[in-house]
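Please put together the full structure from these sequences, using the hints given.
Number of protein chains: 4
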Amino acid sequence: MEKYEKERLRQRIFDTVFEANTRQGKLFDICLLLLILISVGMIMLESIPSINARYHKVLIISEWILTSLFTIEYGLRIFSVKKPWRYIFSFYGIIDLLSILPFYIGLFFPAGKFLANIRILRLLRVFRIFGLTQFTHGKNVLVLGLKESRNKIIVFLSFVMLIVIVIGSIMYMVERNHPESGFTSIPISIYWAVVTLTTVGYGDISPVTGFGQFLASVVMIIGYGIIAVPTGIVTMEMNKFSNQEVPKNTEMCPSCGDDYHLDGAKYCKTCGGKLNY
Amino acid sequence: MEKYEKERLRQRIFDTVFEANTRQGKLFDICLLLLILISVGMIMLESIPSINARYHKVLIISEWILTSLFTIEYGLRIFSVKKPWRYIFSFYGIIDLLSILPFYIGLFFPAGKFLANIRILRLLRVFRIFGLTQFTHGKNVLVLGLKESRNKIIVFLSFVMLIVIVIGSIMYMVERNHPESGFTSIPISIYWAVVTLTTVGYGDISPVTGFGQFLASVVMIIGYGIIAVPTGIVTMEMNKFSNQEVPKNTEMCPSCGDDYHLDGAKYCKTCGGKLNY
Amino acid sequence: MEKYEKERLRQRIFDTVFEANTRQGKLFDICLLLLILISVGMIMLESIPSINARYHKVLIISEWILTSLFTIEYGLRIFSVKKPWRYIFSFYGIIDLLSILPFYIGLFFPAGKFLANIRILRLLRVFRIFGLTQFTHGKNVLVLGLKESRNKIIVFLSFVMLIVIVIGSIMYMVERNHPESGFTSIPISIYWAVVTLTTVGYGDISPVTGFGQFLASVVMIIGYGIIAVPTGIVTMEMNKFSNQEVPKNTEMCPSCGDDYHLDGAKYCKTCGGKLNY
Amino acid sequence: MEKYEKERLRQRIFDTVFEANTRQGKLFDICLLLLILISVGMIMLESIPSINARYHKVLIISEWILTSLFTIEYGLRIFSVKKPWRYIFSFYGIIDLLSILPFYIGLFFPAGKFLANIRILRLLRVFRIFGLTQFTHGKNVLVLGLKESRNKIIVFLSFVMLIVIVIGSIMYMVERNHPESGFTSIPISIYWAVVTLTTVGYGDISPVTGFGQFLASVVMIIGYGIIAVPTGIVTMEMNKFSNQEVPKNTEMCPSCGDDYHLDGAKYCKTCGGKLNY
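Protein chains in written order, with numbering that gives the first Met the number 0: chain A, 0 to 276; chain B, 0 to 276; chain C, 0 to 276; chain D, 0 to 276.
Honestly, I wouldn't trust all of these hints.
Computed footprint of chain C on chain B; a stretch qualifies when at least three of its residues, placed anywhere within it, have a C-beta under 8 Å from a C-beta of chain C [said to hold, decoys possible]: (1) 44–56; (2) 100–114; (3) 152–165; (4) 180–191; (5) 199–207.
Hint data in this document are derived by calculation from the structure and do not stem from the laboratory.
By construction, the Cβ of each residue, glycine as well, lies at the ideal position given by its N, Cα and C atoms.
Laid out in structure tokens, this is it:
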């Protein structure tokens, strides 16, 4: 009967670390939320020279402690899920891994540590604990709208990429004899073209010759028209999905950890495993 | 019969300071409009060093006078309303308080005084005196559209917040060895990420390494797509409300001072108090 | 019969300077188009120091000639129209005046001369000669869409104005002790708020304190949402007018010079004068 | 029978260099894709001073080789097409020429060489080899939407052009006595107006006088409204075309090299030549 014991333990751990609608699951999620926020705050503080100089030791020790906790949690998740590999290569599984890995990389390459802030993305999962189905609904309209317009947006981005290379090359040719303009190579000029077309406009690189400024004006006015295209695409697609119902179920699959199953669903939509409730 | 006398006085004061469709109410509102504009103009002038040096005394004295008038008006509003606490904690009640409080705070912390410009928001109430129901209508379509899309926009903003922290951390890691780029800490890098994603692009912080510029280009192009999302949301919601009728009644509730009641309404939609007309 | 003679002359002048569908009218409009382009180009060249130093005399003389021609043309327009005052205070009448007035003002205040470039707006009228009814149609959809959304846009702009004053005052309070940030007075801070909310972002003024940068980030993200509102309004209104027919008549009223009358109209829609055809 | 032989050779070359649905055609397109990417990469590397200094010889020689290959390919295309002049003056024909011409110009004017990056636009044709009809479909909705709104966009751009000249002239008048602001001539001021209206905002030119900053604020807020117009136009037109079917045929016309014929079409929609399949 040992196997049964282990199975029950596994089930209890699963209910705690994955589910949000049991009491201990809710408590766990809230603790996790706080620990993530604290650890992200600490990494930020460590990056500020004046604070790091004073509290270096405190920050390092608490990072050790927090990362150990996250590592244990990651272990428990792998242990409690029925199909560990499915979990590891799922969206949340990769984020969970990316939120502890940088710390260990940081032991060898100090700068790598700051990547650990990717763990803030884990909050996407913690949104569930607020039971805000309206939020969830809103989120899904966005996600569905973006998914549906993916192809159009990829074509659009490829087109922008080609345009930007052509513009960058032409501007480099025009401005290359005026090093004070900042157009020192084609890759830099392409960077300028992106900065200009997206209307960001830092001003670290800007044309100084009359012809260069004329061309830049043309580019900006083109960018004006281009900015309209993604807006049109997303608005169009979002309109299609705005009236559609979205499942409000926050239960997670015990096999792969996926969520957002239909109400009354008995099997996971992603891996086919049996759902608990 | 003294109580009745007091009640009549209260009623007359209410008609003057709150209502816009009586003669004395209209006159009061126009005076208020002018006084607010004058006082805001004076605070602006005081902030200009050359003007402050010359007219310091005149400006200080007139500020004393104007703030006294606003304080008296605030007292009259509390006195004439039937449920003072409801008024004090209503939207306009808080703005009315915020427009006199900074002056008194300014006696102790000089800089606080400039907050008094919040009183310009009181003009939102004075819009009524123009009897521009079309304006009001327009305003309400905007307000309704924004209210309805609140949830979607909160989800969207949370998402932007997470994205911005991740981008800031990565850019800090890439650019930290080049202090001339300005990426001196993660909070600063997050500030840069906001400046870039919103396409503001001051240029006080901008990447100098090739890889940093490549990442920045990716961020800008993402921002290009992201800018489309709120536009889509607001357009969608505003379309829903564009044909809907909006009450044109500018009467205010004598109990809590709330406005925009339905035509023919007998009780306040917010506090349930009886309306006058 | 002298009066009749004068009337015929007036009619012939009117057909030449106002109409676009007679042969001499078309010729006149093309000449006018060229003269306007030449004169605008000359004013531009005069503003470039190196060119002005060399060709000062040529430029001055040709400006004299061109302005004389435009003055004569203005006189002919007043003479040939039946209700001169109506023409003088119409949209095109004011532009016609503004395109010669700066030159005469320039005799006393040299800088005033450059205002003469307003005459480029006269090209709006010359668009007719291309007989591009599709263009005209397109233009009118834009104009109608903008006109209809005027009220909503005025409310929106008033609101932006109030917001910008509040933000400017708060930022001035936060950044006033750091003159290197550029927030030297409240008007300057309001200018910064406009530059930031509209996502222009010059970078000549930008916050340097941590709290100031945090507030600026909030302002930018608000601006992100705000940019969606006019887009929504204009899209909404333009959709309404996109299918509507627009008159293709380019004939002008002989009394006041107004155009775009309905096909078959016998009286001017603006001044009630009789139309020729 | 020699003529027949030549015809068969011509046909086989056509199938290779123009078609994408035969095996050798697909192989050819993939090779072409790689060669274009390599050659564009090389031109970029050559523009970076440090890399050019070290690998100048290697880069020059490989450019010679690649351009020779592209020249041969261009010759084969002209040879294999039935109506060479039609091909030469078609959209792709011009791009094919522009991608080899700059190299030969570069022998006389070194800077011209960098224009060769225009060849990246040839990738537009290579998109076909992925057989991504969905992509193609997406692309065509964009193209159709833009084509249909062409007239409205031209009117809109003309209007922006006029506005920008007027704004530039006024700002020059206001700021000309403050050379540190950068408004040194009207053309420069017009460049500033474009940079500001499109919300790019480099900050290399920005007003310093109070009145100039006030006018700039007005311009920015106008720009805010103007940015809404192209978005509205494109969204409107794209909506019309979003449900329309688009031919998925990638076959090219053997006479002029045009693609996107209707399924089952027997004659080219552009030149009327007979299609192969």
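Status of each hint after checking the structure:
1. Beta-carbon proximity to chain C at under 8 Å applies to 3 residues in the segment 44–56 of chain B; the threshold of 3 is reached and the given coverage holds.
2. With a cut-off of 8 Å between beta carbons, the segment 100–114 of chain B has 4 residues touching chain C; three or more are needed, and the interface restraint holds.
3. Residues of the segment 152–165 of chain B with a Cβ under 8 Å from some Cβ of chain C number 3, which satisfies the need for three, so the listed coverage holds.
4. Figure legend: the segment 180–191 of chain B, annotated as covered by chain C; annotation consistent (4 residues with Cβ-Cβ distances under 8 Å, at least 3 required).
5. Coverage of the segment 199–207 of chain B by chain C holds. Counting CB-CB distances below 8 Å, 5 residues qualify, and the rule asks for three or more.
No hint from the list above goes unmet by this structure.
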